[in-house]
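*Asks:* Chain by chain, the residues:
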Amino acid sequence: MELTDLTIKEAHEGLLGKKYSAADLAGAYLDKIEKENKGIFAFLSLAREAAIKKAREVDEKIKKGEEISALAGIPMAIKDNIMVDGLKCTSASKILDNYVAPYDATVIKKLKGRGAVILGKTNMDEFAMGSSTETSAYGVTRNPRDIERVPGGSSGGSAAAVAANQCCAALGSDTGGSIRQPACFCGIVGLKPTYGAVSRYGCTAYASSLDQIGPLAKNVDDAQTIFEAIRGADPLDGTSVDFLHERPAKPKFRVGIPDEYFIKGMDQQVEKTIREAIDEYEKQGNEIVPISLPHTEYALACYYIVATSEASANLAKFDGMRFGFSSREAKDLAGIYSDSRGRGFGPEARRRIMLGTYVLSAGYYDAYYVRAQKVRTLIKQDFDKAFEKVDAIVAPVSPTLPFKIGEKMDDPLQMYLSDIFTISINLAGVPSLAVPCGNAGGLPVGLQVIGKHFDEATIFEIGKRLQK
Amino acid sequence: MLSKEETEHIAKLARLGLSGEEIAKYQKDLSAILGYIDKLKEADVEGVKPFTHSIDVSNVLRPDAKTERTAEELDKLKSQMPETKDGYLKVKSIF
Numbered sequence: 002m003e004l005t006d007l008t009i010k011e012a013h014e015g016l017l018g019k020k021y022s023a024a025d026l027a028g029a030y031l032d033k034i035e036k037e038n039k040g041i042f043a044f045l046s047l048a049r050e051a052a053i054k055k056a057r058e059v060d061e062k063i064k065k066g067e068e069i070s071a072l073a074g075i076p077m078a079i080k081d082n083i084m085v086d087g088l089k090c091t092s093a094s095k096i097l098d099n100y101v102a103p104y105d106a107t108v109i110k111k112l113k114g115r116g117a118v119i120l121g122k123t124n125m126d127e128f129a130m131g132s133s134t135e136t137s138a139y140g141v142t143r144n145p146r147d148i149e150r151v152p153g154g155s156s157g158g159s160a161a162a163v164a165a166n167q168c169c170a171a172l173g174s175d176t177g178g179s180i181r182q183p184a185c186f187c188g189i190v191g192l193k194p195t196y197g198a199v200s201r202y203g204c205t206a207y208a209s210s211l212d213q214i215g216p217l218a219k220n221v222d223d224a225q226t227i228f229e230a231i232r233g234a235d236p237l238d239g240t241s242v243d244f245l246h247e248r249p250a251k252p253k254f255r256v257g258i259p260d261e262y263f264i265k266g267m268d269q270q271v272e273k274t275i276r277e278a279i280d281e282y283e284k285q286g287n288e289i290v291p292i293s294l295p296h297t298e299y300a301l302a303c304y305y306i307v308a309t310s311e312a313s314a315n316l317a318k319f320d321g322m323r324f325g326f327s328s329r330e331a332k333d334l335a336g337i338y339s340d341s342r343g344r345g346f347g348p349e350a351r352r353r354i355m356l357g358t359y360v361l362s363a364g365y366y367d368a369y370y371v372r373a374q375k376v377r378t379l380i381k382q383d384f385d386k387a388f389e390k391v392d393a394i395v396a397p398v399s400p401t402l403p404f405k406i407g408e409k410m411d412d413p414l415q416m417y418l419s420d421i422f423t424i425s426i427n428l429a430g431v432p433s434l435a436v437p438c439g440n441a442g443g444l445p446v447g448l449q450v451i452g453k454h455f456d457e458a459t460i461f462e463i464g465k466r467l468q469k
Numbered sequence: 084m085l086s087k088e089e090t091e092h093i094a095k096l097a098r099l100g101l102s103g104e105e106i107a108k109y110q111k112d113l114s115a116i117l118g119y120i121d122k123l124k125e126a127d128v129e130g131v132k133p134f135t136h137s138i139d140v141s142n143v144l145r146p147d148a149k150t151e152r153t154a155e156e157l158d159k160l161k162s163q164m165p166e167t168k169d170g171y172l173k174v175k176s177i178f
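So the sequence lines, in the order shown, correspond to chains G and A. Each residue of the first sequence is one higher than the one before, counting from 2 in the working numbering. Each residue of the second sequence is one higher than the one before, counting from 84 in the working numbering.
Everything labelled a hint here was simulated from the structure, so no lab data went into it. Treat the hints with care, since some could be wrong.
Unchecked claim - EDC-like cross-link-like pairs, simulated, lysine to aspartate or glutamate; straight-line CA separation at most 20 Å: (1) K159(A) <-> D98(G); (2) K132(A) <-> D367(G); (3) K318(G) <-> E166(A).
Claimed, not checked - So, partial list: chain A residues that the calculated Cβ filter (under 10 Å) puts toward chain G: (4) S86; (5) K87; (6) I93; (7) A107; (8) Y109; (9) L117; (10) A126; (11) K159; (12) L172.
Using N, Cα and C, we set each Cβ at its ideal position, and we do this for glycine too.
Construct the entire structure; sequences and hints are all you get.
*Replies:* Here it is, written out as C-alpha cells:
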C-alpha cells in the first residue's frame with residue numbers, strides 16, 4: 002500500500018505506530034501532486050515549505066510521546082476561496098490573481114490547531130460559480146475517474162485531489178451543491194453541513210444565506226472527523242451557532258424517498274443504481290417511506306434569484322481600490338471600478354452579477370426577489386413537514402453521470418440544471434451528505450442523505466451503511 | 084426579452100465595463116435565464132412570509148469596542164494596495 006492511499010484513520014494509526022513520519026507523508030503527497038498536477042490540475046498552488054515545517058512539528062510531538070489529535074500530520078487540500086495566512090487566495094479569479102491571504106479562516110485555525118498539514122490550494126469555478134470547475138480563470142480540472150470528463154464543481158479541485166489520492170481529505174464550500182456534486186462525480190464523500198454549523202469567517206462570500214464550508218473525504222468516517230474539528234460557533238461569523246451534535250444512534254431509521262427527485266429525463270443508469278442502493282438499505286431492515294417535497298420544481302428558479310442577488314452585493318467589494326487587480330489606465334474613480342471589474346471578472350461571474358443586479362433593481366425587486374424569498378419559505382416548509390415523518394431523506398445528487406469537458410459551457414441554463422437536486426437543501430439550510438453508491442458505465446454514481454437541521458449525526462450513520 | 088439599453092443600464096449599475104459584443108451576449112443569456120425564472124409566477128405564495136433565515140438566530144451582537152491591530156497585520160493589508168502615498172491608500176479623484 003502506498004502512503005498516498007491512506008484514509009485519515011489509517012494515516013493516524015500509522016503515525017502513532019511510527020510506521021512513517023508526518024514529514025514522510027507530506028513529502029509523498031507533495032511529490033505525487035508535482036508529478037500529476039499537469040494532467041489533473043486539481044491544485045492552483047502548493048505550500049511545500051509550510052507543509053513540511055508543520056509535519057516536522059507533529060513528528061516532534063510524536064517523538065516526545067505527546068498526545069496528538071486525529072488530524073495531526075494529516076495532509077489536506079483547501080479550496081482556493083478559503084484563506085490560509087500567507088498563501089495566495091484567488092477564488093480562481095483574475096481579479097484576485099495577486100491576492101495573498103492576510104489571516105487564517107476560522108476553519109483553517111481549527112485545522113492547524115489540531116496539527117493538520119496544508120498541502121496547497123485547489124482549483125474551483127471562479128468565485129464558486131459553476132458546476133464543472135470550467136469557469137476557473139486558470140484552467141480546467143479533469144476528473145481522475147475519466148480525464149475527458151469534468152470533476153463537477155465548484156469544489157472540483159478538492160474533489161479531484163481526494164479521488165486522485167493527492168491529499169488525504171479536503172475542504173470545499175457548498176452554496177448550491179458545490180461540495181456534493183463534485184464528490185458524486187469523483188466517487189468520494191462530501192458533506193454540506195447545516196447552515197450555521199461551521200464558521201464562514203475567511204471564506205470568500207458568494208451567497209451568504211446559502212454558503213457553507215464542509216469536508217470532502219475518502220469515506221464517511223473521515224468526513225465526520227473533519228466536520229467535528231471545524232464545527233461550532235465563532236464570534237467572527239454571526240450566523241454560526243453551537244449545537245448539540247451527539248445523539249443516541251438508532252439501530253434502524255425511517256428514510257423518506259421524495260417522488261420529485263426521480264424525474265423524467267434523468268439518466269436511467271443513475272436512477273437504477275440509486276434505486277438498487279435504496280432496496281439494499283431496505284433489506285437491512287430500515288423503513289423506506291415515499292414522501293413529497295412539492296415545491297421542488299421551483300427551487301432552481303428561486304436559487305438563481307437569491308444567489309445572484311447576494312452575489313452582486315458580495316462581489317461589489319472587488320473594485321480595484323484596496324486589493325486585487327486594479328486597472329490603472331482609467332482616468333477617474335468610476336473608470337477604475339468598471340475597468341477593473343470588467344476585465345478582472347470572468348464570463349460566469351459577470352453573468353451572475355448582471356442577473357443579481359437586474360433582479361434587485363428598481364421596479365423588479367418585488368416581482369423577483371421578494372417572490373423568490375416567499376417560495377423559499379415554501380421549500381423550507383416542505384422539508385419541515387417531511388421530517389415530521391422521517392429521520393432522513395435519500396435522493397440522487399445529480400441527474401446525470403459526469404459530463405464531458407466543454408459539453409455544457411455554451412449553454413448556461415443547461416449547466417444550471419446540473420444542480421437541480423442539490424439546491425433545495427441550501428435554500429432550506431439543512432445538512433446533506435453525498436456518498437458514492439455504485440458505478441454506471443464505469444463512472445461513479447452518488448446519492449445524498451439529507452437530515453434535519455443540526456442532525457449530522459443521523460446522516461453520518463445512514464451514510465456509513467449506504468457508502469460503497 | 085431584455086433590450087440592449089436595459090442590458091447596458093444593468094452593466095452600468097453593476098460597474099462592469101463590457102464591450103458591445105459582451106452586452107449582446109448577456110442580453111441573450113439573461114433573457115433566457117429570466118424566461119426560466121418566470122416559472123416562479125406559477126407558485127401560490129398567497130399569505131406566505133418571505134424567508135429570512137433558515138435557523139433561529141437574531142440580534143447577534145458584539146461589544147462596541149475597537150480591536151487593536153499590530154503593525155505587522157496592518158502592513159499585510161497595506162502591501163496589497165495598488166497605490167499608496169505616505170502610508171495611506173491613494174485613489175483617483177471622483178470627478
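*Asks:* Verify the interface restraint on Y109(A): the C-beta must sit less than 10 Å from at least one C-beta of chain G.
*Replies:* This hint holds: Y109(A) lies near chain G, its Cβ roughly 5 Å from the closest one there, short of 10 Å.
*Asks:* Take the shortest C-beta to C-beta distance between L117(A) and chain G; is it under 10 Å?
*Replies:* 8 Å, holds
*Asks:* How about K87(A): closest beta carbon in chain G under 10 Å, or not?
*Replies:* 13 Å, violated
*Asks:* Do the numbers back the hint for I93(A), that is, is its least Cβ distance to chain G under 10 Å?
*Replies:* Because about 5 Å separates I93(A) from the closest Cβ in chain G, which is inside the 10 Å limit, the hint holds.
*Asks:* When you check the alpha-carbon spacing of K159(A) and D98(G), does it fall within 20 Å?
*Replies:* Given pair K159(A), D98(G) holds - Cα atoms ~16 Å apart, limit 20 Å.
*Asks:* Is the hint on S86(A) kept, meaning its closest Cβ partner in chain G is under 10 Å away?
*Replies:* Nearest chain G Cβ about 12 Å off; hint violated.
*Asks:* Next item in the hint list is A107(A). Is there a CB on chain G closer than 10 Å to its CB?
*Replies:* Given a least distance of 13 Å, the restraint on A107(A) is violated.
*Asks:* Taking the least C-beta to C-beta distance, is L172(A) closer than 10 Å to chain G?
*Replies:* 6 Å, holds
*Asks:* Close enough to count: is the Cβ of K159(A) nearer than 10 Å to one in chain G?
*Replies:* This hint holds: K159(A) lies near chain G, its Cβ roughly 4 Å from the closest one there, short of 10 Å.
*Asks:* Is K318(G) close enough to E166(A), meaning Cα to Cα at most 20 Å?
*Replies:* 17 Å, holds
*Asks:* Holds or violated: are the alpha carbons of K132(A) and D367(G) at most 20 Å from each other?
*Replies:* Distance of about 13 Å is within 20 Å: holds.
*Asks:* Tell me if the interface restraint on A126(A) is satisfied: Cβ within less than 10 Å of some Cβ in chain G.
*Replies:* 5 Å, holds
When the structure is compared with the earlier hints, violations turn up for hints 4, 5, 7 and for no others.
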